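Taking the hints into account, I'd like the entire structure generated from these sequences.
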Amino acid sequence: MNFNEMKKEFRKTKEWREFTKELKAERKVDALTLQKLRKGSTSHHLDLNPDNYKVLDKANFETLNIKSHEVVHFLYNYYKKDPTVIDRLKDILHKMVLLNGDW
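Heads up: the sequence shown begins at 6 in my numbering, then just goes up one per residue.
Label-pair ranges, simulated between beta-carbon atoms:
| no. | residue 1 | residue 2 | range |
| --- | --- | --- | --- |
| 1 | Arg-22 | Leu-53 | 17 to 27 Å |
| 2 | Asp-96 | Glu-75 | 14 to 24 Å |
| 3 | Val-102 | Lys-12 | 36 to 46 Å |
| 4 | Arg-16 | Lys-41 | 14 to 24 Å |
| 5 | Asp-92 | Met-11 | 34 to 44 Å |
Only pairs whose alpha carbons sit at most 27 Å apart, straight line, appear in this in silico DSS-like list of lysine-lysine:
| no. | residue 1 | residue 2 |
| --- | --- | --- |
| 6 | Lys-72 | Lys-17 |
| 7 | Lys-17 | Lys-41 |
| 8 | Lys-86 | Lys-100 |
| 9 | Lys-41 | Lys-72 |
| 10 | Lys-29 | Lys-63 |
| 11 | Lys-17 | Lys-59 |
| 12 | Lys-44 | Lys-72 |
| 13 | Lys-63 | Lys-19 |
| 14 | Lys-86 | Lys-72 |
| 15 | Lys-12 | Lys-59 |
Keep in mind the hints are simulated off the structure, nothing from the lab. What you are looking at is a predicted structure, and each value in this text was computed from that prediction instead of being measured. Just so you know, even glycine gets a beta-carbon here, dropped at the ideal spot from N, CA and C.
Right, here's the structure in full:
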């Protein structure tokens, strides 16, 4: 069984379902946007080591809505090689806010 198949099977277990339900009930919000968790929200693994996928330590998870989860994974691939990508993103967002009169 490959890693993706293993993840899919593990997410069907009672242990995972109870863990993620409890985590979402405790946290209640998307860790990135601080907005209410929506249908389809995820319990995002911060530890990407396949050997640790089944380690259910709440300190190693964040609750994220679908779009936030996509953004985190997208940016992570750049951030791990170049952390200053966040500074450039902030600069772009800052310019947008100023140009659009949102502040």
